[in-house]
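Q: Chains as they are written, first to last, in this note's numbering: chain A, 1 to 251; chain B, 1 to 291; chain C, 1 to 319.
Fair warning: there could be bad hints in the mix.
As the list claims (entries may be wrong) - With a straight-line Cα cutoff of 27 Å, these simulated DSS-like cross-link-like pairs (lysine-lysine) come out: (1) A:Lys122 with A:Lys4; (2) A:Lys130 with C:Lys5; (3) B:Lys88 with C:Lys107; (4) C:Lys109 with B:Lys91; (5) C:Lys3 with A:Lys116; (6) A:Lys105 with C:Lys107; (7) C:Lys3 with A:Lys125; (8) C:Lys5 with A:Lys122; (9) C:Lys3 with B:Lys88; (10) C:Lys3 with A:Lys105; (11) A:Lys105 with A:Lys122; (12) B:Lys263 with B:Lys166; (13) C:Lys3 with C:Lys311; (14) A:Lys197 with A:Lys105; (15) A:Lys65 with A:Lys105; (16) C:Lys5 with C:Lys315.
The hints are simulated quantities; they were obtained by calculation from the structure and are not laboratory data.
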Amino acid sequence: MILKVANITKAFGGLTALDDVSLGVATGSITGIIGPNGAGKTTLFNIITGLYTQTSGEVYLENKKISFFSPEALAALGLVRTFQNVELFGQMTVLENVMVGSHTKSSSGFLSCAFKFPRQIKEEKLIREKSMRWLEFTDLDDHAEMRADNLPFGKSRLLEISRAMALEPRVILMDEPAAGLNSRETLQLAKLIRQIKELGITVVLVEHDMDLVMDICETIVVLNLGKKLTQGTPREIQENPAVISAYLGVS
Amino acid sequence: MDNLYQYLLTGLSNGAIYALIGFGFAIIHNATGIINFAQGEFVMLGGMLALFFLVFCGFPLAPSIILSILIATVVGIIFERLAIRPLKNAKPIRLIIITIGASIFIRGAAMLIWGKDTHALPAFSGNDPLYIAGATIMPQHLWIFAVTILVIFSSRLFFNHTIIGKAMRACAYNAQAASLVGIDVRIMVMLSFSISAAIGSLAGIIIAPLTMTSYDVGIMLGLKGFCAVIIGGMSSGLGTVMGGLLLGLLEALGAGFISAGYKDAIAFIILLLILFFRPEGLFGKKETERV
Amino acid sequence: MTKEKRQIFVFLIFALVLLTIPFLLRESYLLNVLVFIGIHTMLAVALNLLLGYAGQISLGHAAFFGIGAYMSGILTTRFALDPWLVIILAALSAAAIAFIIGFPILKLKGHYLAMATLGFGIIFYIIFNETVGWTGGPSGLSGIPNLQIGGIIFDNDICNYYLVWIITIAVMLLSINLSQSRIGRALRAVHDSEVAARVMGINAWVLKVQIFTISAFISAIAGSLYAHTMTFVSPTSFGFNFSVELVTMVVVGGLGSIYGSFLGAAILTVLPEFLRVFEDFDIIIYGLMLILINMFMPGGLISGFQLLAQKVALKIKGK
Ligand SMILES: Nc1ncnc2c1ncn2[C@@H]1O[C@H](COP(=O)(O)OP(=O)(O)OP(=O)(O)O)[C@@H](O)[C@H]1O
Ligand SMILES: [Mg+2]
């Protein structure tokens with residue numbers, strides 16, 4: 001288990017968005033998290049990545065307790081994510097977006113950046129080359145000099161993935177990466193996620209596109225109304241009547 | 001002892017004014033998420049316009065006040081229409097800059113129209129002190145307290161018991177949902193600017209006989225009002241009143257017992273302390289920012 | 001020409017033009033205005049690093065300018081310390097204050113940050129006014145010595161011109177370098193999406209404090225130079241209005257452009273000279289500029305220039 005969530009509860013005032021949720025993510029796996037709108041999937045991601053603080057419960061990364069770590073500290077530990085409402089650096093170029101992903105892997109400080117010390121020039125060149133490779137990885141290299149704002153929507157989702165990969169993460173959390181993509185783009189995405197897994201990176205996927213989830217995930221966790229409903233292989237999930245009724249809105 | 005009484009009285013009446021100005025901030029903030037840096041200019045406009053009608057045009061008191069508030073309200077509406085609405089979805093930094101721009105513009109215009117001199121507005125009911133229960137009080141203080149209480153009660157009534165008031169609160173809570181149930185959010189925003197301008201100018205009018213007025217009084221008064229609303233918390237009407245009174249009292253006592261020169265610093269030190277340690281205000285509730 | 005080479009070329013031309021101006025233009029009044037443009041450019045660049053790059057507003061930057069000016073003024077007149085040493089001391093003090101105040105203040109965002117920095121600026125303005133024993137209060141502090149190095153005393157326009165502009169050009173160069181490095185990208189990332197920046201491992205809070213500190217450092221140097229070239233300082237130069245004027249320079253010139261800051265500083269320094277004729281119009285014009293530029297040209301005037309340059313370049317290529 002590379003990532004473990006233990007008894008997480010999150011209340012927003014009177015609303016309990018997550019209620020005693022526990023789950024584990026196997027190292028090197030692709031794990032899906034599904035559930036109807038408002039189930040608490042994004043909230044769970046926000047807690048794991050340190051953007052929200054949970055009301056109670058713990059999060060572990062490789063048995064190290066990471067509850068209440070800041071997002072930036074978690075990034076340094078190799079935990080990264082993408083966003084449901086794409087969060088790109090809109091005024092920067094596509095390439096620069098990915099270069100930001102190398103932030104934790106580079107070290108030049110204010111002085112060496114301002115005075116352009118030789119080491120900084122070398123590092124800058126390296127960051128650029130590596131970032132170009134991550135753009136090639138998602139087929140965005142043709143758009144390198146474009147402003148990120150101007151990317152078509154499908155490509156902006158890919159750019160988020162490139163940027164996250166530049167961090168050389170151990171775990172990548174993706175929040176609805178297929179939302180808004182057409183079927184061709186979704187197929188390309190499925191291929192990409194498998195490639196990421198082959199690089200030895202653990203993938204956690206929140207997604208409403210059931211074909212995609214059933215196709216690529218090894219384990220699926222189902223959330224409903226803030227509670228964990230069940231967990232199992234795609235087959236088990238598909239046959240579980242509780243899941244079906246949760247999606248149909250009967251309880 | 002006599003001094004203390006004077007300080008308390010000054011503190012409370014200034015505090016009431018700060019509360020009114022703070023109210024104006026909160027109304028716009030709750031409807032739009034904007035802190036209107038031009039808020040203080042409405043206060044200045046109130047005082048200067050009243051002075052203009054009352055002293056220069058020789059109008060009677062009541063029409064002067066009503067005209068002044070009307071004009072300031074129209075300025076508020078024009079400001080919303082021309083500068084705020086076109087930038088509806090812009091980043092906060094651009095909205096801040098635009099309201100600063102507007103405030104400088106209004107101040108500059110006031111200076112061109114009325115010059116740089118400081119004027120005193122005549123007190124509404126003369127300058128003969130009243131004796132109540134052995135204490136003296138200026139009639140203008142009574143005016144201030146009465147108007148403040150009136151404004152606070154009527155805005156409570158308005159926001160809690162009229163359809164429009166409730167609609168404005170709905171917009172503040174969730175604009176998208178409000179527009180789904182058929183509330184015209186744009187009108188509500190415009191309304192928030194006009195109410196806020198009206199209250200601000202009223203505050204400027206009633207304080208002018210005590211503190212004098214000039215084209216540049218808006219900066220400080222606006223900031224003090226903001227300070228009041230920050231002490232109280234944006235979401236709490238009563239909190240704003242308490243915040244204003246607290247600030248007014250601390251200032252008056254600080255000026256009396258410590259040093260008049262540092263009086264203005266008190267407000268800002270309180271402002272910084274509250275923003276640092278309790279940004280939701282002393283009476284507000286904390287919320288999780290949505291990601 | 002590669003992009004990088006073109007940038008170096010542009011900068012060299014820019015520096016060269018500025019450094020040759022005194023040979024062509026001997027008139028003391030104009031040189032004086034140019035000295036002010038230099039000091040204002042330094043301040044605008046400093047604020048731009050914070051406002052244009054990191055996207056964090058400060059409505060109290062005049063305070064750091066004032067700290068530099070008053071420290072230089074007070075320590076050289078009352079304690080006869082070496083002015084050069086004092087410049088460094090003043091810059092370090094302003095940086096230290098910014099660093100300490102920066103941690104709580106830069107936790108705040110947007111409108112709240114604006115108000116807090118404003119309050120901070122006003123508190124310092126009040127201090128400059130009220131500590132009469134040190135600062136001379138509202139009537140100001142005079143008799144600040146000119147700088148000197150070896151036998152050269154910086155007491156004439158040409159000397160001051162070179163003093164100010166060499167430092168300004170250096171500040172511009174270092175800022176341009178910084179803005180194009182990993183730190184510059186991190187700053188712009190925080191500007192565009194603080195959440196995403198943090199998830200990418202950027203400690204947004206600390207980064208903002210760092211750039212705030214650097215910005216204060218540069219502003220204080222500008223303040224010291226101001227004190228030594230003017231030989232007189234008074235609080236009105238360091239009040240809220242000047243903080244707003246600085247924001248206006250950055251916005252009018254172009255948020256996130258170092259050359260834009262120069263342009264903004266130049267325009268806002270020259271404008272009042274022209275407006276002398278219709279005194280009192282400056283406030284209303286600043287307000288109008290802020291509103292109009294913000295609404296119709298969010299990239300500032302420099303973006304207009306860049307568009308023009310591109311069009312010209314295309315025309316030339318076309319022929
Ligand atoms: N910052 C917040 N403040 C208050 N309530 C919140 C906040 N963030 C989320 N919620 C609420 O928590 C609940 C769970 O939201 P969440 O975004 O996690 O759902 P989700 O499973 O990601 O849904 P979707 O599939 O629509 O993305 C919702 O009712 C939402 O309104
Ligand atoms: Mg979600």
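Q: Check the structure against each numbered hint from earlier and tell me which ones fail, lowest number first.
A: 1, 9 and 12
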